[in-house]
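Using the sequences and the hints, build the whole thing.
Residue numbers (my numbering), protein chains in the order written: chain H, 18 to 242; chain D, 674 to 920.
Just so you know, these hints were derived from the structure itself, not from any lab.
The beta carbon of each residue, even a glycine, is placed where N, CA and C say it ideally should be.
It is possible that some hints are incorrect.
[To be verified] If the Cβ cut is set under 8 Å, some of the chain D residues that face chain H in the computed set are: (1) L803; (2) M820; (3) F830; (4) L857.
[Stated by the list, open to error] Below, a sample of chain D positions facing chain H; criterion: calculated Cβ distance under 10 Å: (5) L698; (6) A704; (7) P741; (8) S749; (9) S752; (10) L753; (11) Q768; (12) P813; (13) V815; (14) A833; (15) R838; (16) N855; (17) A862; (18) L888; (19) L891.
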Amino acid sequence: MHIMEGFLPFEHALGWTIAATPFIAWGLQSIKKHLREKPEQRMLLGVAAAFSFTLSALKLPSVTGSCSHPTGVGLGALLFGPAAMVPVGLVVLLFQALLLAHGGLTTLGANLFSMAIVGPFVAAGLFRAGRALALPLSACVFAAAALGDLATYVTTAIQLAWAFPDPAGGFAGSLAKFGAIFAITQIPLAISEGLLTVLVVNALRRFNADELQKLPLFGQRGAKA
Amino acid sequence: MLIERAAYGNRWRSVSPAAKGLFALAGLLAALFSGSPATAATIAGLLMLASVLGAAVPLALYLRVATPALGFLALSSLSLLFSLSADATGNLSWQMAPNAAANIAAVSARSLAALAALLGLVLTTPLPDLIALLRRLRVPDVLLDLMVLCYRMLFVFSTAIEETRTAQAARLGYSTPRRSLNSLGLLAAGLSVQVWQRARALHLAAEARCGSGTLRFLTPQFQHAGRDTALAGLAGCLLLVIGACAR
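Next comes the structure, spelled out in structure tokens:
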């Protein structure tokens, strides 16, 4: 759910960029540390960024009958971890702006915050919590992907409500307005993306259980479930 | 990708990316600081003319690239048209937002101007040139490596997606929404397996060439870079002055 180029006022664009900067620095630091131990991860992350970019261009059928593009927030967080998703998300969002004119440079910070920080961390956190409660793998994957998506939309709604408060209802009125619009359009998409992510993980378990087992968020219990 | 096609075949292809980046940055700042919708619309018009007349980007291609963003802007603006309010009994109702027209005009004109600045940059500058510019600006090597690899691999993945989708469609994989979702799941799973396979192959290839660190490439050289940057700076200042005059 991108905010388009120039849509946010200068103060908001700058503020979200500043808010996203420590996460980018932390993500880069985490990758650098990882690369010293496993140099082969350099190629993996670059290829993962290309995978996320091309995945976001696919048309996803929505449960309401319309279609949209998957965000890949949940799947990316499950496959590569939320820390890696910050720099990977930065590259993907930058490329979407530069190659597709989707999103923008002034709104990169705000889009990064919702799609590459909040979404992946919520998805990974829910997945870990679900596995800790010994819930079935498919339920954990669905909840992580669908609610990670929803968290992204809620963050975008907050960003827009903050930038454009309602003349009568203020921030709360505006948040209710954007929330109501997103509830109609994005909840069906989040459900679709949750289902899609379950299908992807099921296919990976069937054909590539070994690779899946090596992922930090899966491991022994994930592969056996 | 339409943007790529224009970026490699325009009149400003040999102009220094630093100059085009500076001009785009000035355009973005002028858009964000423009005092009125009319000023922002003027800046948008000037930036569009610079791309179409200056860089000789075909108008039809420019409009085709801009159309999805304009549609998105129309939808986004629509959300500012209405206001959700609660009455004394707590019932919520939709109504026209006060000053909606003025707000929408200001936001739309600013977005149009910023979009024109972005398009002016991306339609005249290939992505590898922009990555080289970011390297000069001392962006961390790890991030640049991700960009280089992403740029090279995204075409490989695009081809893989196209071929897989064609094969799935030929087997009626997209005949119903349910089958579409299932086919898409198999497609994404097949692609995600390729992520590891292709990364391993790239790592092996790099190791075979003693590559153990960052990925370095020759930096493209541009003639008259200093002159172009000075001209871009002047044109950028003009945009900023136009934006500031109406405040």
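Hints versus structure:
For the restraint placing D/L803 at the interface with chain H, the shortest Cβ-Cβ distance is roughly 7 Å, inside the 8 Å limit, so the hint holds. Of the supplied interface hints, the one on D/M820 holds, with its beta-carbon coming within about 5 Å of a beta-carbon of chain H, less than 8 Å. Annotation: interface hint on D/F830 holds; nearest CB of chain H at approximately 4 Å, less than 8 Å. A distance limit of 8 Å between C-beta atoms decides the matter here; for D/L857 the minimum to chain H is near 6 Å, and the interface restraint holds.
About 9 Å separates the beta-carbon of D/L698 from the nearest beta-carbon of chain H, less than 10 Å, and the hint is met. Checking D/A704 against chain H: minimum C-beta separation of about 5 Å stays under 10 Å; hint holds. Hint status for D/P741: holds, given a least beta-carbon distance of 7 Å to chain H, under 10 Å. Look at D/S749: its Cβ gets to within about 6 Å of chain H, closer than 10 Å, so that hint holds up.
Annotation: interface hint on D/S752 holds; nearest CB of chain H at approximately 6 Å, less than 10 Å. For D/L753, the shortest C-beta to C-beta distance to chain H is roughly 6 Å, which falls under 10 Å, so the interface hint holds. With a cut of 10 Å, the hint placing D/Q768 at the interface with chain H holds, because the nearest CB-to-CB distance is about 8 Å. For the restraint placing D/P813 at the interface with chain H, the shortest Cβ-Cβ distance is roughly 6 Å, inside the 10 Å limit, so the hint holds.
At about 6 Å, the closest approach between the beta carbon of D/V815 and any beta carbon in chain H falls short of 10 Å, and the interface hint on this residue holds. Interface hint status for D/A833: upheld, as the beta-carbon distance to the closest one in chain H is roughly 8 Å, under 10 Å. Annotation: D/R838 was flagged as interfacial toward chain H, and the flag holds, the nearest CB pair being 9 Å apart, inside 10 Å. Nearest Cβ of chain H to the Cβ of D/N855: about 6 Å, under the 10 Å cut. The hint holds.
Taking 10 Å as the C-beta contact cut-off toward chain H, the hint placing D/A862 at the interface holds, the least distance being around 3 Å. With a cut of 10 Å, the hint placing D/L888 at the interface with chain H holds, because the nearest CB-to-CB distance is about 8 Å. Using the Cβ-Cβ criterion of 10 Å, the hint placing D/L891 at the interface with chain H is not satisfied: the shortest such distance is roughly 19 Å.
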